[in-house]
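A.B. asks: Chains A and B, in that order, are what the protein sequence lines are.
Counting from 0, one number per residue, gives the positions in the first sequence under numbering that gives the first Met the number 0.
Counting from 0, one number per residue, gives the positions in the second sequence under numbering that gives the first Met the number 0.
Keep in mind that the hints were calculated from the coordinates and are not lab data.
Any given hint could turn out to be false.
Covered by chain A, per the in silico footprint, the following chain B stretches (three or more residues, Cβ under 8 angstroms) [unchecked claim]:
| no. | stretch |
| --- | --- |
| 1 | 83 to 93 |
| 2 | 112 to 120 |
| 3 | 270 to 282 |
Mimicking DMTMM-like on lysine to aspartate or glutamate, the simulated pairs with C-alpha atoms at most 20 angstroms apart in a straight line are [claimed, not checked]:
| no. | chain 1 | residue 1 | chain 2 | residue 2 |
| --- | --- | --- | --- | --- |
| 4 | B | 92 | A | 79 |
| 5 | B | 92 | B | 62 |
| 6 | B | 255 | B | 284 |
| 7 | A | 130 | A | 60 |
| 8 | B | 198 | A | 60 |
| 9 | A | 130 | A | 89 |
| 10 | B | 198 | B | 122 |
| 11 | B | 92 | B | 25 |
| 12 | B | 255 | A | 83 |
| 13 | B | 255 | A | 89 |
| 14 | B | 92 | B | 24 |
| 15 | A | 130 | A | 104 |
| 16 | B | 198 | A | 89 |
| 17 | B | 92 | A | 50 |
| 18 | B | 255 | B | 238 |
| 19 | B | 112 | B | 122 |
| 20 | B | 279 | B | 247 |
| 21 | B | 198 | A | 83 |
| 22 | B | 198 | A | 142 |
| 23 | A | 130 | B | 262 |
| 24 | B | 255 | A | 169 |
| 25 | A | 194 | A | 60 |
| 26 | B | 92 | A | 92 |
| 27 | B | 255 | B | 267 |
As the structure is a computational prediction, the values presented were derived from the model and not from experiment.
Virtual Cβ for every residue (Gly too), placed ideally from N, Cα, C.
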Amino acid sequence: MPEVKGLPGWLEAALDPGEGTRVTFPDADSWFAVPQPGQIRAARPMDETPEVSPRLVVVLDVDVAGDPWVNALLIAETVDVATDRDIRLDPADTGLPFPVLVETDIIGPLFVVQLGPALATLSPTLLQGLKAEVYGDAQPGFDGRRGLPPTNNREARWQWKEQELAVMHEMAYPCMELELREDAGVTFVDPVLTKGIGDEAPDDMAGLVLRLLTAGPEGRPGAVAMVPEGIRSEEGLASWITHLSPDLARAIEPALTGALSAPAVKELMLETHWDPVWRSEGMEALSTAIGERARRGLRATRVVTRRSDWPDIQGGETVALYIAGVGLVQVKPELIETEAA
Amino acid sequence: MSELVSLEQLREEYRTGRIGRLILDEVTRVVLQVVRSYEPQIYGGAASWEDAGEDIVQAVVVDLLLGEGQLDYIMATAARMEDWTRLLRFQVKRYLARQRRRSVIDNLLDRAKPLLGEASFQELSSPRRYRLADANLEDRPATDAELSAAARSAALIPRTPFTAGERAPVVYSEANLRRLLVAVAGSLPVPFTLSDLGKILEMVLTDWVASFLYEIDEPQEPEITLSPDDEVMASYAAEQILQRCSQEQLLVLRRKLENVSDEAIARELGVSRPTVHARKTEAWELLREILDGLPEPTQSAAIDLVSIRLVTTPTGGESA
Chain A
0 MPEVKGLPGW LEAALDPGEG TRVTFPDADS WFAVPQPGQI RAARPMDETP EVSPRLVVVL
60 DVDVAGDPWV NALLIAETVD VATDRDIRLD PADTGLPFPV LVETDIIGPL FVVQLGPALA
120 TLSPTLLQGL KAEVYGDAQP GFDGRRGLPP TNNREARWQW KEQELAVMHE MAYPCMELEL
180 REDAGVTFVD PVLTKGIGDE APDDMAGLVL RLLTAGPEGR PGAVAMVPEG IRSEEGLASW
240 ITHLSPDLAR AIEPALTGAL SAPAVKELML ETHWDPVWRS EGMEALSTAI GERARRGLRA
300 TRVVTRRSDW PDIQGGETVA LYIAGVGLVQ VKPELIETEA A
Chain B
0 MSELVSLEQL REEYRTGRIG RLILDEVTRV VLQVVRSYEP QIYGGAASWE DAGEDIVQAV
60 VVDLLLGEGQ LDYIMATAAR MEDWTRLLRF QVKRYLARQR RRSVIDNLLD RAKPLLGEAS
120 FQELSSPRRY RLADANLEDR PATDAELSAA ARSAALIPRT PFTAGERAPV VYSEANLRRL
180 LVAVAGSLPV PFTLSDLGKI LEMVLTDWVA SFLYEIDEPQ EPEITLSPDD EVMASYAAEQ
240 ILQRCSQEQL LVLRRKLENV SDEAIARELG VSRPTVHARK TEAWELLREI LDGLPEPTQS
300 AAIDLVSIRL VTTPTGGESA
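Only chain B is shown next, with the shape it has when bound in the complex (with noise of 0.2 angstroms):
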């Protein structure tokens, strides 16, 4: 009877009563419909889909369509029935992929707690808070926009793309995830807590989202293993590259590769606009001097290189 279901009924039912039977039978209907292409145990925390599936219906419905107030978002757009069923299986999609996310955070922050223990980072309590050994940090929560300038350090840090059907996906290696915490902890001025770097992880990881909800597949480079030779040229490209550029050199350097503006790097550093161009004009000569001639592998890794030791030092120049 569901096929029969119009649109002009499932309005009539939100005008009267938001959400009806009509409604949560649509809506159960494209659930089910939706989560069969997914593994119950990874999305659904439960063996099967007749077991999970009702428990992702309220979500849905609770959370997302009246919490949200995406059902009003549906019902402002759908024009056809072919909107509305849509538009649903799409709320649906965005439920999963943040449940998904979320449990890749949580996997992550699990494996950060070690870390954020060891020398290089210092505890504090009441709230438990991180920071680098021995910084000098103000005390007091960090501004979404710290937080912000914070996930963009963080993203240049080398991540592993993981599928939708992934199990138990390792996003960053251990070295990576330390670097990762330390590029994060680097970059705000205060001490963060496991929330904040729970913020972070989610703006980092909404690439991730936008594959899933799309449907467009996470480029799976292929793995490309430089030589010995090649790995020492890039290695010694990089610490040229960090040698040569003035400290201002390579804090545009390090902004440009945050993609963040002209403009707001001229405010970050107190000069002007020109200045900032200069810099930046600067520093590429010096990179194509310094790449020009290496095979493009080892120019893509000697960039890397230099990513990571910008988001990972002080000063983005010293060694770590």
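Next comes chain A alone, as it looks inside the complex (with noise of 0.2 angstroms):
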């Protein structure tokens, strides 16, 4: 048979004229959208860690109120070692041009950062369904779809289970540690928004200010917390504060004061980049705080910023943080109104 384009015979047969991709590659996506229940979605880990690739996963459950994130389920990478947790769909039940097993054991929180573009959604019914195994009701609907169980511990899929929760501890770990942190709820000013501030700031600014630091993050009032180099810029700030009235100066003299006497992290030289690129020139002071704030262990933040600059968004949505030496860090954009600049 003759070859075309290089390509034998065989191959020139198998394929259909003209088909491309008939899925999305799972970093396409520079805007990380809510997800909804249901999807699947490739799932990455937040760390930078050659040993765990990208895995697709079913998103259960969303939550977009603080730092948002999904509860999910691991898909395993092949259909061929089933137990009977596992629960095989095929591509007339979720339109992907391959079969996937959904482990129903194998469940895990995940930030939304972590997730690449919708592959495919569920029908209620099937994400009922599986919701119900998770919990170990079996469905007498998925019956025909899964494995026989493992006998005992020393079975060979006994032990692929423990690889694969593995794998979901190390998807899952930074989104479980952070409900777990004290110092994890702490919501960042955009320094934009405190630009100016000083002897020449504007005659509203100390009530904006006053404002960001009671904005809070919700459900945990208080804990929003100036830029440090976003602050230290600003001439005649101890001034300013002594020309304010008492009561103004009383409430935000504290959060300006301990952004002042943070040590200075310049020092850190931390190689980041953002995705999508952050909208307002707060982005390298932002990026040297949360920067400073990952290297402990905090991989999610929020920051409040101006709304002008965010006119597409929802609400819900994050931006990516990449920080070299640790990962990925979620960052939400919390929108205020203000003036445009």
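Fit chain to chain and form the complex, with the hints in mind.
C.D. replies: Here it is in structure tokens:
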């Protein structure tokens, strides 16, 4: 058979002419939209960990109120090793070009920023069935889609399951840890909001700062921090505070002096990369402050910033900040109304 | 040159035509790397990989990457070239594992045919099916759920672990292969075909596939030979269990050995879950009482004998 374009005849015969890509690549989106329950997406670890590659997951639940996160089920890399806790979904069920094996016993929390674009969405019926399976309520409708149970802990599939647990743990531990850390619930103020604070500050600057300090993440009032590098660059700040009314000065001085007295972090010289690029001029100072926290294990943060810089987001979307030597940090813009700069 | 191929180049080729020269060359390179670790006679059906390698490349591309959408899976998941290569290697191993499992199963089916001609079985025609002699069964194909249930029973029959390099693994001794056929026939409410038996064996051998793919050594249990006295004690203990448990307790015991949930057992028996739990507790108490004081190998042997008897008798408690 004559070869066309240098390909063997058997391959030419197997290919559909003109058919190109059938899936989206895991890093295609540069804007991490809010995921929906039932979606199948690729998930990547937060750390720079070559041993753990991206894996497909099913999104079970979504919570965007604080630091956006999802509850997700791991999908096995092959349908050939199913246990009785694994449910096979075929292309007719998902619309994907390949079957998947959903591991209803491997579940974990992931940050939204870890997820790639949506590849498929399960029907509500399928999703409810999988949720019931997670709680051990075997669904008769899934008979014929599951494998045999391992009979003892020496079996290969038992050990494979332990490996899968380790994979999910590697993916999920930054999100799990954040819930346990007392220093986790801090929201930064985008330095662009306090630009000009000091002797030449606009009349409403004090009121704005007060609003920022009391904005707080939902459920955690008061945990708002100024970016040290953003405050230190403002001249006449101390003099400006003394000209405020006593009540205002009392209210805002602790936060401002707290930022001023924080150790300088410029010398960290972190290599960072935003995806997508942070839209305000405070980007560099934010990178440093967020990077310093990430090096201490805090991998998600929120930033109060101008709504006018983010007209296209609905709420709950996230931005990724990559820090060399650490990995990803999830950054969520918390929008505040101000006059446009 | 293949070491210089980037993921972006592969993605571009995938975008425009799915598989072109770059991807084909990568598949060829990875296939020839992976197969080198395996015997060409066993996994390639040829004297050398020079003869069989191209066939494997073609099969991996046509059957797995295109036919089962695994190229799309790799593209949906790989974020770095290392991911791509690792996933491709995994696909090659999947192909080899399936081929190997298929040949092992074909061998078992060949060995099963003369056993199915014995007096305890009956052959039906159009299509050719088998059942226990004089069994009164529905005349229809088995459902997936019924085959799965039969596989759970079959999984209790002892088998001999085999390694990737074994040329002609036995898997089941003749006696145990016969027991497996009885267990399958007794579990199914319908006659079964050789194709059904093949599917059941595929499910039973899933663990071997996992050990091959993930390079997990199957446990090579040291052969424990019981003394004649211990064999007698194990046999006596097994008989005690089978005689003293009620039929309902034996059925619950069998289903728990098959790892069936309490809820599913309740549905099968038409009783409540608390009732299943009560029968289970009663059965465990009896086992504990009968096996207490026996050495652990003797206890295990007794349980194995009980398992085999339960899955190879119609009601699970009478002699086969």
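A.B. asks: Which of the listed hints are not met by the structure?
C.D. replies: 2, 3, 8, 13, 24, 25, 26
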